[in-house]
Amino acid sequence: MASTTAMQYLNPNGASVQGRAAMHFSISGAKGLMNVLRTNLGPMGTMKMLVGGAGQIKMTKDGSVLLGEMQIQHPTAALIARASTAMDDETGDGTTSTVIMIGEALTHADELVAEGIHPRTIAEGFDLAANEAIKFLESRKIPITPENEREMLDTIARSSLSTKIQPELVEKLAVNIVDAVLTIRRPEEQIDLHMVEIMHMKHKLGSETKFIPGLVLDHGGRHPEMPRYVENCYILTCNVSLEYEKSELNSGFYYKTADQKEAMANAERKTVDSRCHAIVELKNKLCPEGSGKNLVVINQKGIDPMSLDILARNGILGLRRAKRRNMERIALCCGGEAVNHFDDLNESHLGWAELVHEHVLGDEKYTFIEKPKTPLSGTILLKGPNDHTIAQIKEAVRDGLRAVRNAIEDGCVVAGAGDFESACKVHLDHFADKEEVKNELTPCVKAFGDALMGVPKVLAESAAEGGAAPALRHTLLRNQREGYGTESRFGLDLESGCVTDPVAAGVVDNFRVKRQQLEATAVIATQLLLIDEVMKAGGRGAKE
Amino acid sequence: MSKFIKNAGLPSMLKEGASVQDDPLLKNIEACKELAKVTKSSYGPFGLNKMVINHLGKLFVTHDAAVILRELEVQHPAANLLVMASKAMEEEVGDGSNFTIMLAGELLAEAESLKKKGLKPAEIIRGYTVASKKCIELLKEQVTGKLQDHRNVDEVVSCIKSSIASKQYGNEDLLAPLIARACVNAADKNPRNFSVDNVRTMKIRGGALEDSEFIRGFCIQRGTEGLIKEVKNAKIAVYNCAVDASATETKGNVLLESADELLNFSKSEEERLEKSVKAVADSGITVIVSNSNYSDLALHFVERYGMMAIKVASKFEMKRMCLAVGAKQLVKLEPPSAEDTGNCDEIKVRELGETKVLSFIQDSDDSKLSTIVVRGATEQMLDDVERAIDDGINTYKALGRDPNLLAGAGAVDIELYNGLNKYADETPGIDQYSIRCFGNAFEVGPRTLAEVAGHNSTEVLPNLVAKHAAGEKDAGIDVESGDIVATPIRDAYLTRFWSISLATDAVLNVLRVDQIIMSKPAGGPRPPKGGARDDDE
Numbered sequence: 004m005a006s007t008t009a010m011q012y013l014n015p016n017g018a019s020v021q022g023r024a025a026m027h028f029s030i031s032g033a034k035g036l037m038n039v040l041r042t043n044l045g046p047m048g049t050m051k052m053l054v055g056g057a058g059q060i061k062m063t064k065d066g067s068v069l070l071g072e073m074q075i076q077h078p079t080a081a082l083i084a085r086a087s088t089a090m091d092d093e094t095g096d097g098t099t100s101t102v103i104m105i106g107e108a109l110t111h112a113d114e115l116v117a118e119g120i121h122p123r124t125i126a127e128g129f130d131l132a133a134n135e136a137i138k139f140l141e142s143r144k145i146p147i148t149p150e151n152e153r154e155m156l157d158t159i160a161r162s163s164l165s166t167k168i169q170p171e172l173v174e175k176l177a178v179n180i181v182d183a184v185l186t187i188r189r190p191e192e193q194i195d196l197h198m199v200e201i202m203h204m205k206h207k208l209g210s211e212t213k214f215i216p217g218l219v220l221d222h223g224g225r226h227p228e229m230p231r232y233v234e235n236c237y238i239l240t241c242n243v244s245l246e247y248e249k250s251e252l253n254s255g256f257y258y259k260t261a262d263q264k265e266a267m268a269n270a271e272r273k274t275v276d277s278r279c280h281a282i283v284e285l286k287n288k289l290c291p292e293g294s295g296k297n298l299v300v301i302n303q304k305g306i307d308p309m310s311l312d313i314l315a316r317n318g319i320l321g322l323r324r325a326k327r328r329n330m331e332r333i334a335l336c337c338g339g340e341a342v343n344h345f346d347d348l349n350e351s352h353l354g355w356a357e358l359v360h361e362h363v364l365g366d367e368k369y370t371f372i373e374k375p376k377t378p379l380s381g382t383i384l385l386k387g388p389n390d391h392t393i394a395q396i397k398e399a400v401r402d403g404l405r406a407v408r409n410a411i412e413d414g415c416v417v418a419g420a421g422d423f424e425s426a427c428k429v430h431l432d433h434f435a436d437k438e439e440v441k442n443e444l445t446p447c448v449k450a451f452g453d454a455l456m457g458v459p460k461v462l463a464e465s466a467a468e469g470g471a472a473p474a475l476r477h478t479l480l481r482n483q484r485e486g487y488g489t490e491s492r493f494g495l496d497l498e499s500g501c502v503t504d505p506v507a508a509g510v511v512d513n514f515r516v517k518r519q520q521l522e523a524t525a526v527i528a529t530q531l532l533l534i535d536e537v538m539k540a541g542g543r544g545a546k547e
Numbered sequence: 020m021s022k023f024i025k026n027a028g029l030p031s032m033l034k035e036g037a038s039v040q041d042d043p044l045l046k047n048i049e050a051c052k053e054l055a056k057v058t059k060s061s062y063g064p065f066g067l068n069k070m071v072i073n074h075l076g077k078l079f080v081t082h083d084a085a086v087i088l089r090e091l092e093v094q095h096p097a098a099n100l101l102v103m104a105s106k107a108m109e110e111e112v113g114d115g116s117n118f119t120i121m122l123a124g125e126l127l128a129e130a131e132s133l134k135k136k137g138l139k140p141a142e143i144i145r146g147y148t149v150a151s152k153k154c155i156e157l158l159k160e161q162v163t164g165k166l167q168d169h170r171n172v173d174e175v176v177s178c179i180k181s182s183i184a185s186k187q188y189g190n191e192d193l194l195a196p197l198i199a200r201a202c203v204n205a206a207d208k209n210p211r212n213f214s215v216d217n218v219r220t221m222k223i224r225g226g227a228l229e230d231s232e233f234i235r236g237f238c239i240q241r242g243t244e245g246l247i248k249e250v251k252n253a254k255i256a257v258y259n260c261a262v263d264a265s266a267t268e269t270k271g272n273v274l275l276e277s278a279d280e281l282l283n284f285s286k287s288e289e290e291r292l293e294k295s296v297k298a299v300a301d302s303g304i305t306v307i308v309s310n311s312n313y314s315d316l317a318l319h320f321v322e323r324y325g326m327m328a329i330k331v332a333s334k335f336e337m338k339r340m341c342l343a344v345g346a347k348q349l350v351k352l353e354p355p356s357a358e359d360t361g362n363c364d365e366i367k368v369r370e371l372g373e374t375k376v377l378s379f380i381q382d383s384d385d386s387k388l389s390t391i392v393v394r395g396a397t398e399q400m401l402d403d404v405e406r407a408i409d410d411g412i413n414t415y416k417a418l419g420r421d422p423n424l425l426a427g428a429g430a431v432d433i434e435l436y437n438g439l440n441k442y443a444d445e446t447p448g449i450d451q452y453s454i455r456c457f458g459n460a461f462e463v464g465p466r467t468l469a470e471v472a473g474h475n476s477t478e479v480l481p482n483l484v485a486k487h488a489a490g491e492k493d494a495g496i497d498v499e500s501g502d503i504v505a506t507p508i509r510d511a512y513l514t515r516f517w518s519i520s521l522a523t524d525a526v527l528n529v530l531r532v533d534q535i536i537m538s539k540p541a542g543g544p545r546p547p548k549g550g551a552r553d554d555d556e
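As you go down the protein sequences, you meet chains G and E in turn.
Take 4 as the starting number for the first sequence in the working numbering and just add one per residue.
Take 20 as the starting number for the second sequence in the working numbering and just add one per residue.
There may be inaccurate statements among the hints.
With a Cα cut of at most 27 angstroms, we get these calculated BS3-like pairs of lysine-lysine [what the hints assert, rightly or not]:
#1 E:Lys367 / E:Lys251
#2 E:Lys52 / E:Lys34
#3 E:Lys52 / G:Lys61
#4 E:Lys294 / G:Lys259
#5 E:Lys486 / G:Lys386
#6 E:Lys135 / E:Lys46
#7 E:Lys330 / E:Lys254
#8 G:Lys449 / G:Lys437
#9 E:Lys254 / E:Lys367
#10 E:Lys492 / E:Lys159
#11 G:Lys175 / G:Lys449
#12 E:Lys152 / E:Lys134
#13 G:Lys213 / G:Lys374
#14 E:Lys286 / E:Lys270
#15 G:Lys397 / G:Lys386
#16 E:Lys347 / G:Lys61
#17 E:Lys486 / E:Lys165
#18 E:Lys347 / E:Lys251
#19 E:Lys77 / E:Lys56
#20 E:Lys539 / G:Lys539
#21 E:Lys347 / G:Lys368
#22 G:Lys207 / E:Lys159
#23 G:Lys326 / E:Lys334
#24 G:Lys304 / E:Lys135
#25 E:Lys135 / E:Lys486
#26 E:Lys330 / G:Lys205
#27 G:Lys175 / E:Lys334
#28 E:Lys135 / G:Lys207
#29 G:Lys397 / E:Lys539
#30 E:Lys135 / G:Lys259
#31 E:Lys286 / G:Lys259
#32 G:Lys368 / E:Lys334
#33 E:Lys486 / G:Lys175
#34 G:Lys34 / E:Lys52
Keep in mind that the hints were calculated from the coordinates and are not lab data.
Just need the whole structure built from these sequences, with the hints factored in.
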């Protein structure tokens, strides 16, 4: 900076900007970020390719992934990015639109400041508008009833996925995701999405991704003689070490003859062997020969070669070092409980699955536990020919699962495709002119409405080219104005570039995502507006 | 103005060293086309070899596209997408990666022309998606035959020949029967269960390729531990532990208080070991295999009781050996039960060149495991033959999963070309342009086939198209003469299916990218600048 600022007295390497310049700095950051993400919004959005330091490739149009991977340095942009991704962690969607709304809000605020309105006033107006918008949002809810539940959930899954992956995959995945969430749902309990295992296999095409109402583990039996394909299985899940463990103390054996040494070697195995025999005994009791029943042991701890040998010789499939999370899932999936010791082991501890089989893919082994009795847990099995396809689908699935869960928990959805934003804009215009709103706040409330229009604006741009986009946007607004106060809904059809009913077209959004967006936009925009100085402490010996 | 406050374009918002490329489509296509150009000349039976020196300085002489691409270490992100497709192809089928790359390159070249005509990427993507679906449909209609019997060597030979010919032209008549016999021997009754791992290739330098042989059973490059080098009608015990006195896991100390005790201890240990080894020998075992070491003492007893001692260090080899002889691994040095004992008709050590080869040979055709011993003059040549053999085996595996066959030598490509062009004519709207281009891309197969063999492709291709239009579905290029003949060459359906699917997938991914954000390359040693070092000296 040319002029000496107070900052430079304090720290000669520091830098600062003040007043309007500081605001410009923030606004340009917000706008910059908005411009980066605007091409990714919506089902017609394009992909970005991210290349990591070691050349690893990631392809995505999911805003939260992009912001997470981009390593943003600009302080304002980083602030917005962090706030938006935090929102995504919570709700699984809406990152890109939040960034766009914040960018638009600040752009409009900039104009108001230029007209001489104090940032404080603008902030007050934004808060007021956001509160009113949330109230309005409540009135636009579309409730989910037991009759239309499945259809609504499919629709919300489809809407969420279509903004993240290519259309061919959306249909298939949406159904899978809803299946998964409905499988793990238990009445009167919160939905725990961890109970859906997301497993990937690197082969075939992304379109072969499917939901399995059972579990897929990414390891297999470690003994060549173990069965690979077993039907009618009891499943024993346990957390018992089946390998010899050294004592914690420094210990040693003393012996005088080779016989003694041998006896000790045998004695050493005894405890572990007895555990294995307990399992074998159980198998013999429950699955007598010819009954067609089998036993599968899934152990969270290790199974050493000797124990594997005992199990294999008795036709038991033993899996070792299962993930802790999977222990819980298996219990939910197949019934039974995870046991921690083998004292009085009986049938009630065991789960049941009709089919357990192993699949080998190159060096990787996978074990499928299929057709359990009443699964309360399941696996979404992702497939794809390469890592970036898998990563892309995985993120989409994660967000899709959340979208469905949110819809179930909210008990409602809201219309998408720009309907809410444009309707809210019209509503805020009406509201701003009411008497209870102070005159000086009126333009600020209207500006917030304009900011909301950021999303439909970008959507219109992706649906129509050049001059057609603003025209489309205005058609939308006109329709909303005419329909104000009624139940009618208008959104953008991106394929044809017309205005349609979004609910009929199958575009809906999560209620909580929209609410969070409104809140986040107001909070962050006002925060950034109220900044009057940006200071940066120069690093020691840093070059200017 | 201080440095941190500048215009907030995307690059300036990112961490230092990162770069952003806007609208990179044409550049990406350029890179992919270049990549496809590299492998193109290696396509087909007359394909030329590439000499690739990888970053470790290892030399490869091959025209296997998968290897060329793997060792090249492509850096460009878009081109990398194609390389990934070829890798996926290698994992999915194990053959056909060159065609995948070529097709992808050609599809992108066509996309470039579409873009220059004014189509938007989204429109090209839509058209290509429609076209690829249609293409797979058409491909299904092209099936001309089936591998009827998976255990018929002659039939298998005719099916895998083209795959081998494209890697080792001139040697296919030698290699194909070897591979076919090996595969049939290792095959299960259910052809889907065939595992590539059950056919092994062993490369031994020296001799000529004609000396290569097929062994019904298992081989390792290793001698025996003891002096017995040959056993007939062997009974085998396999141990998954050291052949030694049993030991405790916890540290053990011998507590000795006098010299007598020391003597007694050694003696008791000897006796103990002799007892175990004798017990094994008494049960009729003539060969002991262990994955661990033989103690000197144990080896002494094993020899004394007339048993052959073999060490197989790798777990993987051990598993295969068990499969070949039908043995089960034991975890303790004790006599095996009858069902745990393995049988082998002949076990012997031979010397091939300088290498000792221990073979477990079975007389009958159901040993489940085959080994092909390849002989040849140079390491590179052996490697290349091995890759050809791998491709052949993989083709057999693919046929096990789907026995359908397609006409080779460019015949299928031209059928698809004609079919898609016809489909384009029927399609209304903007998609037809993309569909036509998608079809045109298939020209690349026969065109390259002709060009690489030194024929005039502008002459060959129209003839080929005309013949197909006249209904001769089998018309293909005879690479030797350049004539159009009803081709006897057959390709596996599955190979083509995956080539098309994966190439399309990669191409669509390249087309979808509208911005590339590259972060700063990670640290680590930089590759030396090309050629600079030599100039200095």
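Satisfaction of hint between lysine 374 of chain G and lysine 213 of chain G, Cα-Cα up to 27 angstroms: holds (15 angstroms)
Would the pair lysine 347 of chain E and lysine 368 of chain G pass a check requiring their Cα atoms to be no farther apart than 27 angstroms? holds (21 angstroms)
Just to be careful, I want the Cα atoms of lysine 152 of chain E and lysine 134 of chain E compared with a cutoff of 27 angstroms; is the pair within it? Holds, at roughly 21 angstroms.
Next pair to validate is lysine 52 of chain E with lysine 61 of chain G; report whether the Cα-Cα distance is within 27 angstroms. OK: lysine 52 of chain E and lysine 61 of chain G at ~21 angstroms, within 27 angstroms.
If you draw a straight line from the CA of lysine 135 of chain E to the CA of lysine 259 of chain G, is it 27 angstroms or shorter? Distance ~89 angstroms between lysine 135 of chain E and lysine 259 of chain G Cα, so the pair is violated.
Given the hinted pair lysine 397 of chain G and lysine 386 of chain G, is their alpha-carbon gap at most 27 angstroms? holds (10 angstroms)
Regarding the pair lysine 330 of chain E and lysine 205 of chain G, is the alpha-carbon distance no greater than 27 angstroms? Not satisfied, since the Cα-Cα distance of roughly 35 angstroms exceeds 27 angstroms.
Given the hint that lysine 254 of chain E pairs with lysine 367 of chain E, does the C-alpha gap stay at or below 27 angstroms? Answer holds: lysine 254 of chain E to lysine 367 of chain E is near 14 angstroms, not above 27 angstroms.
Check the hint pairing lysine 367 of chain E with lysine 251 of chain E against an upper bound of 27 angstroms on the C-alpha distance. holds (8 angstroms)
Given the hint that lysine 347 of chain E pairs with lysine 61 of chain G, test it: the Cα-Cα distance must not exceed 27 angstroms. Status violated; Cα separation ~46 angstroms.
Hint check: lysine 286 of chain E vs lysine 259 of chain G, CA-CA at most 27 angstroms. Holds or violated? holds (11 angstroms)
Straight-line alpha-carbon gap lysine 486 of chain E to lysine 386 of chain G, limit 27 angstroms: violated (41 angstroms)
Hint check: violations occur at hints 2, 5, 11, 16, 24, 25, 26, 27, 28, 30, 33 and 34; the rest are consistent with the structure.
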